[in-house]
Amino acid sequence: MKRIKSVIVSIFIFILFMSNMSNAAENKFLPDVKIHKYSNGLTLMVVEKHDTPIVVCYRYHKVGSIHEESGKTGIAHFLEHLSFKGTGRFNTVDYSKELVIMKDIDSLMAEADKEKLKGETGGKADKEKIAQLLEKVKKLQEEQRQYICKDETDAIYDSVGAGGNNASTWFDRTDYYLKVPSNRLEVWTFIESEKLKDPVFREFFSERDVVLEERRMYDTDIDAALYETLYKTMFTTLPYGHDTLGWPSDVGQLKRKDIQEFYRKYYAPNNTFIVLVGDVKLDKAIELVGKYFSGIPAQELPDMRITPEPPQEGERRAEVESEAKPQMVIGFHGPKPSDDDIYAFEVINYLLSRGMTSRFHKKLVQTGLAYECSGGVSDLSCESVLEIGASPKEPNTCDDLEEAIYKELYRIKKGDVTKWEMEKVRNQIDMDSTGIIRYPFYLAENLAKYQAWTGDWRNFDRTEKLKSVTVEDIKRVANKYLIKSNRTVVTAVPR
Amino acid sequence: MKKILKPVLIVMALILFFMISLPLQAQQKGAKESEGAKAVKNLHFDPLNIRVPEVGKDVERIVTKNGIILFLKEDHTIPIIDITSITRTSAEYDRKDRFGIARLTGDLMGVGGTKDFTPDEFDRERDYLAAAWNTYIDSEKGGVFFEFPSSQLDRGLNLFTQMLRFPLFDHKRLEVEKGNIREEVLRENDDPATVASNTYKRLIYPDYFKGWKYDLKTVKNITRDELKDWHKNFFRPNNTMIAITGDFNREELLKKLDEQLGNWENAPVDFSGYQKFEKKFKPGVYYVDMNMDQSNIRIGHLGVTRDNPDRYALEVFNRIFGEGFNSILNEKIRSNEGLAYSVGGGFSLDMPQYGTFTMGCATKPESTVKAAKMMIDIMKQMMDEKVSEERLNLAKNYLINSFLYEFEDPVQVNRGILALEYNKMPSDYNKDYRENISKVTAEDVQRAAKKYLQPDQLTIVIVGNVKKFDKPLSELGTVHQIKLEDEGK
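Taken in sequence, the protein lines are chains A and B. This note's numbering numbers the first residue of the first sequence as 68 and each following residue consecutively. This note's numbering numbers the first residue of the second sequence as 4 and each following residue consecutively.
Honestly, the hints are just simulated from the structure, not real lab data. It is possible that some hints are incorrect.
Restraint ranges, calculated between C-beta atoms of paired labels, are given here [to be verified]: (1) G138/A x T197/B: 33 to 39 Å; (2) L97/A x E409/B: 38 to 44 Å; (3) S153/B x K351/A: 31 to 37 Å; (4) F280/B x K348/A: 50 to 56 Å; (5) E209/A x D473/B: 18 to 24 Å; (6) A422/B x K196/A: 57 to 63 Å; (7) A42/B x L97/A: 36 to 42 Å; (8) E409/B x T434/A: 40 to 46 Å.
Here are some of the chain B residues that sit facing chain A, going by a computed Cβ distance under 10 Å [stated by the list, open to error]: (9) S142; (10) W215; (11) R337; (12) Y344; (13) A365; (14) F410.
For glycine and all other residues, C-beta sits at the position ideal for the given N, C-alpha and C.
Isolated chain A, as found in the complex (with noise of 0.2 Å):
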């Protein structure tokens, strides 16, 4: 169980949609930010801050793998991936002569994905004819080679000495993001809005290769297939219930016009955040981002249908055979985001998680009960999830376990918290309200994602609400929530 993982959650809780807006203006701390909405429905957000010459530069896009169809999942995260490939002025000397190479490799595959299909749903795949096949697409990807500037945009951000390019999909949103020397920014905006205007998802097979790679990565560690399983069980109908790497065998039957289609419909410039975080003048930042970004054509977006996810009606447990030693999750159902009842939710996290003197730690892992044992509360946009990790240590159970933090919870159900417990959670809201002002991308992250989701960036300074709640919050909330029909438990257990 990874430690580091509910320390990371805790700080990085949110919630998405909020009925009030939190003053923000007793904070001198706060950053300045400025918003520019464009005619196509693009938002910027400018945050300046001049004592270092860097740019830190963030693309948000609101999809992510929820608004995946059944048998496409795991495509907001291939998409992720291919963004990196190029467009058709970048990463090529010819992009015609690639189109008819690509369009061949991507008939020859699709008749390779269909054999390979049939051996999946209970037929028998012809092996020898899908190594023909794989043998001619891997002579039209050699001569498709030729044309291709291998990497380059990555190749571009590295000569200017861009640094953390990367990106990332998860339930709710797929982001891109970099810092940049800031005499480097239009670098940025040329490369990025080249991406949105006219990506080329050339590479396509090798990347879904990669893809599954990452797939197979999480499949060893039991750590992920434990979280994975939760949320299997524990959603039923909500998106979350399948992981952002996708099914295996959906990932690999993807094909080069579901992502077209995937981009074309979820990247439009009104489904797009922009944050600019540091030496860049608003003005400038505006007529740069206006002179690349302001052409693209705005969309009609989908109809973002969810189906939500019906109250559980009893304990669900399931096992994860594997060789690891014994561990645990366990997950609630939380509040919904629009619902106040988030912020005790999260207070009775700080007091089950949160320190060496957080119950958890206290009175399991102090006492030899627990080799590790902390909560998280996740944020996702339809609803919270307060996660459990723990392991036991030797020779105590994970029954043992169970029972011990199931004691803490009745505690805490009961108003069993001191008036001391409250005033240090409260500290340690403080604290992590400082993390806005330090960290330059999870400032951009939350701009980003509370402007989307809720309509106003300043949504996310939530000190003051979790500042506010009282004892009387925290057992009404706890006895509406931490019971055993709204628990999820999954244990590792030998093969």
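With chain A held as given, fit chain B onto it using these hints.
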């Protein structure tokens, strides 16, 4: 940072203009260049003024009367004080037959209570401040890190001092930490990446603590006195450096530091337990049979020390060979062939004693031997061929242009200055870094590769489902099986 012009200091060359003008046309590795890349070259960039922080200007260096070297940096943008203290000690002083003392000493300093506080009281005091903290002894230093709200200067300084000077090593807390080590050992075979890493380290570093496994009986018998003696010997003012950054007033801070640390006694430190290890090799193929859908591969041997004369050539080598999307390893193994999601390699350049040259990746069983061979071939290519001017310039441009990220925020700047002095780097290291990188040629890179790479001495570790591998492992070298011990007791 206050932007005050001081004409009198121009001669000290405080402002370094961004003047490295390597040919920008060499951005990708072939002679090919897209229309977009050409357009980027036509963009205009203003020159960039980068300040390289200096002691005396950006950070104040003070030596206290009892020998503590302090680095102070005021910063009022956030209401926090960050204290990073490092003491010259390390696990290199840990004897193999008592392995665990250094680690336990470091860990217990933070959790074992102190002179004025029982362990529980200390936890409460520290948690109430919502402090971020850590105490540890690692491969090179004994650290106490403490960060707290600036409104709590007195409390914060006191708690920091308690951890640094007056740890109690409470026996109950010691038992908990011993239990943690035990649990760590019991669980070390849970994850194949960890298995690969441990197996590799144990082969590469038989005479260095990184390659030692904790012996649970030994750990059980480590006493409080051993930890106290360790602390007493090493944790002395004359052996400690502290960087303090944040929202403080200089005069007030110095006065309070004197109150807390002024009567900390100097004493000579016994460094005689230091263990130097020799550069030895352990060639061969060592496999662990584990039923996994992905193999973990680690290949390498011992490399260089921090003070090696070819540092800059090796930095450029690392960037070209195995760091970043455009490295050769990434291009060939991930991007072209789709064999791996995670792949990389290079020399570790910041070890006081030998670091390693290591390359590795994770790939499906059916491409395991293929991936291993590819990595080895690419390594040999670095020795046999000069890298192209394009690759060279790309790597150098990256290193030069991204250097400013070393100085992004005040805490980082101060810690960087602290580290430079602690690691005995030349004081001009930062000032001269970019010029030193710009001087590296393709010949230098090849020469360094030839000098430090040993293709016949490779330790090759593979963890995976042997039955499903594409080729027999004997194609890579002499094969040995490693059986995992299950510490069930």
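Verification of the hints:
As the Cβ distance of G138/A to T197/B is approximately 35 Å, the hint placing it in 33 to 39 Å holds. Separation of L97/A from E409/B is about 28 Å and departs from the stated range, judged on CB atoms against 38 to 44 Å. Separated by about 34 Å at the C-beta atoms, S153/B and K351/A satisfy the suggested range of 31 to 37 Å. Checked against the hint of 50 to 56 Å, the C-beta distance between F280/B and K348/A comes to roughly 54 Å, which is consistent with it.
For E209/A paired with D473/B, a C-beta distance near 21 Å keeps the hint of 18 to 24 Å intact. As the Cβ distance of A422/B to K196/A is approximately 59 Å, the hint placing it in 57 to 63 Å holds. The supplied range of 36 to 42 Å is met by A42/B and L97/A, whose beta-carbon atoms lie about 39 Å from each other. Between E409/B and T434/A the CB atoms are about 43 Å apart, so this pair conforms to the stated range of 40 to 46 Å.
With a least beta-carbon distance of about 20 Å to chain A, the hint placing S142/B at the interface is violated under the 10 Å criterion. Contact between W215/B and chain A, as hinted, is not supported at the beta carbon level, the nearest pair being about 21 Å apart and thus beyond 10 Å. The criterion of a C-beta within 10 Å of any C-beta in chain A is met by R337/B, whose closest approach is roughly 6 Å, and the hint holds. Contact between Y344/B and chain A, as hinted, is supported at the beta carbon level, the nearest pair being about 4 Å apart and thus within 10 Å.
Evaluation of the A365/B hint against chain A yields a held restraint, the C-beta minimum of about 6 Å falling below 10 Å. With a cut of 10 Å, the hint placing F410/B at the interface with chain A holds, because the nearest CB-to-CB distance is about 7 Å.
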